[in-house]
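*Asks:* Next come the chains, spelled out residue by residue.
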Amino acid sequence: MNDTRRSRMVLGALLVVALAMITIDYRGGDDSPLRGLRGVGEAVFGPVERASAAVVRPVGNAVDAITNAPGERRRADRLQRENQRLRDQLRGTQVDQGKSAQLDRLLGAAGLGGYKIVAANVISVGQGLEDTVTIDAGSGSGIRTDMTVMSADGLVGRVTRVGPATATVLLATDVTSSVGARLEESKEIGIVQGRGRRGLGGGGRTPLRFQLLDANAPMRVGQRLVTLGSQNERPYVPGVPVGTVERIDAPAGGLTRTAYVQPFVHFTSLDVVAVVVAPPKSDPRDAVLPPSPTPPAPPAAGPPSPLPPSAPPHKGGKHPSAQPSQ
Amino acid sequence: MLNAPEASPTGRRVISAIVIVVALVLQVSVANRLPLPGGVTPDLVLLSVVALALVSGSLTGCVAGFCAGLAADIVPPADHTIGRYALVYCVIGYVCGIAAAEMDRQSTVPFFAVAAGALLGTVAYAATGMLLGDPRASWTIVARVVPLQVLYDVVASPFVVWCVLRATRRYDRPERHRDRFSVPAARYRAMSGRTRL
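So the sequence lines, in the order shown, correspond to chains A and B.
Okay, so the first sequence: first residue is 402 according to my numbering, each after it adds one.
Okay, so the second sequence: first residue is 24 according to my numbering, each after it adds one.
It is worth saying that the hints were derived from the structure and are not from the lab.
Check each hint, because a few of them may be wrong.
Which chain B residues face chain A? A few, computed with CB under 7 Å, are given here [said to hold, decoys possible]: (1) V51; (2) C85; (3) P99.
Because the structure is a prediction, the values reported are computed rather than measured.
We put the beta carbon where it would ideally sit given N, CA and C, even for glycine.
Please build the complete structure, drawing on both the sequences and the hints.
*Replies:* If you want it as structure tokens, here you go:
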């Protein structure tokens, strides 16, 4: 009774439309005409999501408080540190600008680094198999596609689409994400790939996979990774901490060696992130890495104080031990 | 063609649209952020489509499914080929609409329909991804996602189905309130039976 001719016709028509859309969007790739629809979606749902995020944030906080009561204190500390650090960063950038003229003359092409950032909140998370989030800052805040997104802990991902007041971020854990990365100290380079939404591809603790390009290069558990930086600093700026090598696959005769990486960022509880709107003037190398954990790596990879990610002088060697801007 | 004109088609459409938008916004801004074990979250949009289809039949089911899917395809953090959810949810809405009429006498229909819908929806979505060569829909990932997804959907379904029934009953058909003692399943069966002869 229910399955009338009319509803069958409607079903058929809708299926044809859906298949046509899939075909057009798939064939069109990034310049498909249907991407305009996403713009509509951003304009329509962006404000709704922002509003709902404002409403549900206290709810989420309450849930967090219950499930994570012992961690609350740490979280407060962390946020405070992040705040402090962002403030320092802003101040550092201003100082850098003032000093850069003189120091540029002194150090030639060196210049002072430091990321220029726009802070944003995560307001929604993607559905299904993709690992994407929406942040509440868009083209109005100077955000463009292919900008690096980081948090106080390290690399988060990159901006893939920008709306007027929202932007979509592809997380580093997504399967389609691959980031050039470099081991601290040894400077061996490789590629960090995601293993699927929240590590669904098998890694709960290690949702990232690192492929070392040189199969004979030394690599050990506990070594840390920073981004290598892309050409023209887009989409990834150099020097952003990525994670720690957790496990290394025994070489199976391949051309590369694979390691599994535990990221510095907790991708399941992303909240405040920063979009790098201007890359550092020079590669900060290991300066942004947090101070080394207790036993290993005697030459500390970064300055001991929680200072802004400011760059060492260009010719200063690979282990900066002081902040040039101070 | 045999669908009798409904009491207030505009009101029903508005309610369906509101249900879908609310489900979608809750999905992306609340449900997807829950740190559930396994990293999978219940699909509230799918559940709403199933519930709407059970209440209103296959025609509304497939139209609502298409619209909900299209919205899920373009809602900001989405990053897959546009049309995949539209296709899958449209089919789910249609099938569940038929199932509601076919299995008229069993009061467990909604739970089976939800479980079947969740299974079918997740598998079909993954299958479209595989057909399109989406690296996110690789076998290892899908094999992990599907069982958990179905489990979470079934756990979340009573709440969603109840909310949708409540919304559609309260604003759409005030004259059907007197049926207070029947279980929800029987109630919406009664509703759909009257609409559709």
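*Asks:* Taking the numbered hints from earlier one at a time, note which ones the structure violates and give those numbers from smallest to largest.
*Replies:* Going through the list in order, the structure violates no hint and respects every one.
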